[in-house]
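Chemist: This is what each chain is made of:
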Amino acid sequence: MPKRTDINKILIIGSGPIIIGQACEFDYSGTQACKALMEEGYEVVLINSNPATIMTDPETAHRTYIEPITPEIVAKIIERERPHAILPTLGGQTGLNTAAKVAETGLLEKLGVEMIGASIPVIRKAEEREQFRDAMSHISLRVPENGIAKDMDQAREVAERIGYPLIIRASFTLGGAGSGVAYNREEMEGLAKAGLDASMISEIIIEESLIGWKEYELEVMRDFKDNVVIICSIENFDPMGIHTGDSITVAPAQTLTDKEYQAMRDAAIAIIREIGVETGGSNIQFAIHPENGEMVVIEMNPRVSRSSALASKATGFPIAKIAAKLAIGYTLDEIANDITRETLASFEPTIDYCVVKIPRWTFEKFPGAEDMLTTPVKSVGETMAIGRTFKEALQKAIRSLEIGRFGLGSDTPQSQESRPDIHEIEKGLINPDSNRIFHIYEALGQGMTLKRIYELTRIDPWFLFHIQQIHDLEKRLRHMAQKGFGPGKWDLELLKKVKEYGFSDVQLASIFDTDEQTIRETRKSKGIEPVYKLVDTCAAEFEAYTPYYYSTYEQENEIRSSGKRKVVILGGGPNRIGQGIEFDYCCVHASFALRKMGIESIMVNSNPETVSTDYDTSDKLYFEPLTREDVLNIVEQERPEGIIVQFGGQTPLNISAPLAEAGVTILGTSPNSIDLAEDRDHFQDLLKKLNIEQPENGIAVNKEEAIRVADKIGYPVLVRPSFVLGGRAMEIVYDQVDLEFYMETAVKVSPGKPVLIDRFLEDATEIDVDAISDGEDTIIGGIMEHIEEAGIHSGDSACVLPSISLSREILEQIKDHTGAIVRELDVKGLMNIQYAVKEDIVYVLEVNPRASRTVPFVSKATGVPLAKLATKVIMGKYLKDLGLTREVQPSHICCKESAFPFVRFPNVDTILGPEMRSTGEVMGIDSSFGLAFAKSQLAVGQKLPLSGTVFISVKDKDKKASQGIAAMLHDAGFKIMATGGTSAFLLDHGIPNQRVNKVRQGRPHIVDMIKNGEIDLIINTTSNKRAISESYSIRRAALAFDTPYSTTIAGAKAMALAIKSMIESEFGVKTIQEYHS
Amino acid sequence: MKALLALADGTVFRGCSFTGPCETAGEVVFNTSMSGYQEILTDPSYCGQMVTMTYPLIGNYGINNEDVESDRIQVKALLVKEYQEYPSNWRSQGSLADYLTASDIPGIEGIDTRALTRHIRLQGAMKAALSTEDLDPDSLAEKARQSPDMAGSDLVKEVTCKEPMLWQDGRFVNPGIDLDQFQWPDRPGSWRVVAMDFGVKLNILRSLEKRRCTILLVPAHVDSKAINRLEPDGLFLSNGPGDPAAVTYAVDTIRDQIGRRPIFGICLGHQLIGLALGGKTFKLKFGHRGANQAVKDLTTGKVEITSQNHGFCVAMESLKDPAIELSHINLNDMTVEGLIHKKIPLFSVQYHPEASPGPHDATYLFDRFIKMMKGHQGR
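Top to bottom, those sequences are chains A and B. As numbered in this note's numbering, residues 1 to 1077 make up the first sequence, in order. As numbered in this note's numbering, residues 1078 to 1456 make up the second sequence, in order.
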């Protein structure tokens, strides 16, 4: 069947901000889908609130709405655009849920808008567990014993029937939020309640526990003609009990015979047919009993997913792109396989390598959160590695994680004292945490048998055996090291084997007590160098045309090096807090710009979720770890003009100096300038020379020094380790006791590196500036004014562009400073400077001679593609020739707001601080600040009330500011409730309010009221530790009961303005193409 | 133990034997299935061939007594990237190395199997010699060249059953009598099928039995008269190794049988039908071996993912009779995957509906055969 001609205009719903459980993979999928539909001649309308996506680039769709993804806004867009169809299966759970809600209103029917890909009944059948269970029993497949509960009584009843342990999951949630394992009645009570709360339809399912069963996933695709293919099988290293997003996973399935695999394949095909997914991809999860092979169906996602992105990267088969084409009527046998060209999409990819994915967690960012892996997902990113053996892929994946590990063991000097005892290890094996893989290695080191490790972890012995092989080889190497038998004296076979096992040069250097470079030279002198092989979907059966490579140590090298001008771009590695999709966006733009200039773009990255690792983003893709060794290998292979390090965040920057030392040309801002910007002393001298203010500061490597420095500067001080991104371990310290504590405990993040101590500028306004320079001209990309005061991490703060409160003089001063610093550092490309303005003095807080997190936001706000321009500048072009001669001032207002993962971490305070904790961002655009900010709040799920009761409890310093806010809300008709001090203050200033008990003041108290739904907005600021801990329960309750809240007075003021604007006028919707024209 | 693989064109690959000393020769082919090595090893169609698996990790789930396609290992050697010495699966009854060693079949690991596969793709399937004893590339390449050619060689005689056997309840029951005296067991409602054994895969017999067929497997050289005497409801022509053009005696038998009763052929059986209908076969450059081959059923327009293992192919243009229709086509290279006769009850497929290893998408073909026998009942 050819493509449909009865539809022409298609609305795609994106997934919104990056949150845990819903990350870059939907930008990757969505971008592919938009491109595919545009190629086919359809008019594509897109809604996505996330500005940091390639998907929301003006070129990716015809009409792009950067608006909150809510049913109401989507309805507005539908009314305005009148699309013929909606494709809801590419925007994750958000896209699916929002589309379902819009459909419920009857709007689609009324306007004759068709849902393509998956219909509402299909979505319900797949997602509502009762319906799903019935469907499965209809095709004789077993699902875990389970029961539905809509209240606590039903929950108890079902739990008694099934018995313990059991799993509790909430219906209709993201990434398994509101789920957990209950081993006893008490745990069941707690989990059931949380699950009922988390569910959009107040429903939980209580399920037989399959903990310890083997877990598998199949990625399935189906077309209109009922042709079904399996794209990839995935076997989880971690058995059932840990969310698949938190599991190490391996493709293809390793421990199934063909008989068992085919039974699973048959089941998957029967499921997609029974559920009725007409076209597109689905992810189906299975559990297999390890001792008898019994198969149970766990769940099905009738849409593209994190796993489908992984499967696409693992096989080279672009699931989202094909899903989009199937949705418009093509069949699999009408779509070409891009990779082989001569074959079609109607086949099942076969791979001739092993793929390992490891999740990336950031528990360290959330003090109070337990590092424990269970059924709700907690990882913020993931990395994937490809090798010809499992061992190689596993070790590559570990060094791709960028957690300071260069493989499995033997990457740090061994010291017997610091090794955990066997009981600790056993505990680590029984209770899975983010370090489980290292616990296993340690257990082997202490002589634990595979059998015992299996009993404790239920990880298939097949995997454990490979880890043991790695361990045994390390042991052998250590033995050789003791005898002084270094790599220079080895025979070739051993050296080859070591590399085939995935050992890095850093690991070998550690074992043989030498440096990485020595190992590298020794290895190369013996001719042991990596070869590169293609990911081609077909195991070399057909010729492949897409240049998607991975390294391994084997006989044949398949690299086809061109004689063209070429440049390597280093990506950002796995998503983590502080380094996410924004950097991938920049890398992708760099690649697009290079290609446009006729320069071959070569991407190196290890993140399977991203657009940068799509095989057609760059001229060449190397799916490799971003370490010195791996990058040098590629550089030696490709001999590029140079490499670009300024777009991938801190990751490439961290290896830029070692790469430069090894003779690699760093394009753009020189490594010296990068060093200069990051070196406190030099940078301080530079600012002095330019006569630019900086908060007083000092450096300390121990407690005593720190106290001395702080005494000199005066408290409060801001303390942080050097060379980290995202404010890791950054804190505001108010007194000496806290400072001592900090120095003792929190410096582990970058050992050996000094701690930086700055005067903390209280109540200053923070400013973020992105600028671009070609060495001659410097143009401001955007000046963003933070909503929250300085001290809240810039990545967590909301901001507005253009600035709404700064005077012309201050803005001019900021521009002058920026120009001066850029000149002095000789920046070529992008540069980001953070300023604080206090009492009309402009201080420089931080300078980053690289693309910043705000580059995509600024580009979307102004329509200036900063990263592309920067790339051209780096390659020698001049801004004036590129048409950028002055700062672009948008006539609309753009607000950026951050999305936080607090809901995922029980026991974590939601109060904002200098340590970054947001995972993603949204953008609100409108004609006034109030509306733009309101949209940004709505887009992160803060549904600001238009009437009702506001609760105010603020620290003394904020009391004065709270007066204006309270007055504004009072005038808007809100009832005000406040705790003692705040209440009295407001009354004194003529604002009527009702006093409410703090939690310690007896009941009913404020938390009771939140729980009863009597509070519609919470304004709660705190300063000292006691107040923070006292009000903690307020903030958690706000989170749990989805009550909008602000923990800063500046944020509260913006909210009040937003509410006022919303009362006065309604939201409009407008495309960015319209905004920019 | 170091091992050397030398191709006839002089290309060498180095590896290690995980089954002890060996020396052997044969045609090297690659299979792209990611699972199913035990079925592949025991598939008689691989007789005379060394098989390399493109999936690098082989041996993962060990071996068991059920997943066999014949009573022995049929390949000349197994060439892999990394042998998995620690199998893990609840059905595993032993290691692949022990399994190979017991049959004295070499297993070699450490081969750059992707390079080998690419070489075969570019240069065509070719003869090779493998040794742990003779590690001299030139000498070994010469041995490769001296080994028998696949084209023109009748390998069916190596694998066909020595005497007729009845397949009942999932196993062979040797009637121990000659065909003249053979009596079909009294099984009301079951279909009497004579299967010519060119190297039949057991899952074909299992698939037929599941559809209530009583199958008498007969050696490849039985003549048409003998088959007529058996009065079967249908004739099945099995898969098998080697060049179909060399199996002239079977072509004669089939030619005589065509039109007498419903006939269904798979793989070599399909090629022999092509020859019996007056067509020609040719050798593919490197064949189709894997479990992901897309085939389109031209009668329904549907695509099925199929299991394949063949090096020869029927040339459609050589079949002049307009009553012979192309029923199935390979979507990768558009070669013939199935034939159907419009006037007489006869159809065949190049691929393997019995799967094993591979997807079950094409099992409907067995039903089609039953339907065809039903349609001709009593005629």
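No lab work stands behind these hints: they were computed from the structure. One should not assume that every hint holds.
Covered stretches of chain B (in silico footprint by chain A; criterion: 3 or more residues with CB under 8 Å from a CB of chain A, positions within the stretch not fixed) [what the hints assert, rightly or not]:
1) 1082-1088
2) 1135-1141
3) 1232-1238
4) 1306-1315
5) 1327-1339
6) 1372-1385
Each residue gets a CB set at the ideal place from its N, CA and C atoms; glycine is no exception.
Chemist: Determine for every hint whether it applies to the structure shown.
Modeler: Taking the hints in turn, this is what the structure says about them:
Look at the segment 1082-1088 of chain B against chain A: 0 of its residues bring a Cβ nearer than 8 Å to a Cβ of that chain, fewer than three, so the hint is violated. With 3 residues having a beta carbon nearer than 8 Å to a beta carbon of chain A, the segment 1135-1141 of chain B meets the requirement of three or more and the stated coverage holds. Proximity of the segment 1232-1238 of chain B to chain A, defined as three or more residues with a beta carbon under 8 Å from a beta carbon of that chain, is not established by the 0 residues found. Only residues whose beta carbon comes within less than 8 Å of a beta carbon in chain A count, and the segment 1306-1315 of chain B has 0; fewer than three means the coverage is violated.
Evaluation of the coverage hint for the segment 1327-1339 of chain B: breached, as 0 residues show C-beta separations to chain A shorter than 8 Å, against a requirement of three. Chain A is given as covering the segment 1372-1385 of chain B, and this holds because 5 residues of the stretch bring a CB closer than 8 Å to a CB of that chain, at least three being needed.
The earlier numbered hints that this structure contradicts are 1, 3, 4, 5.
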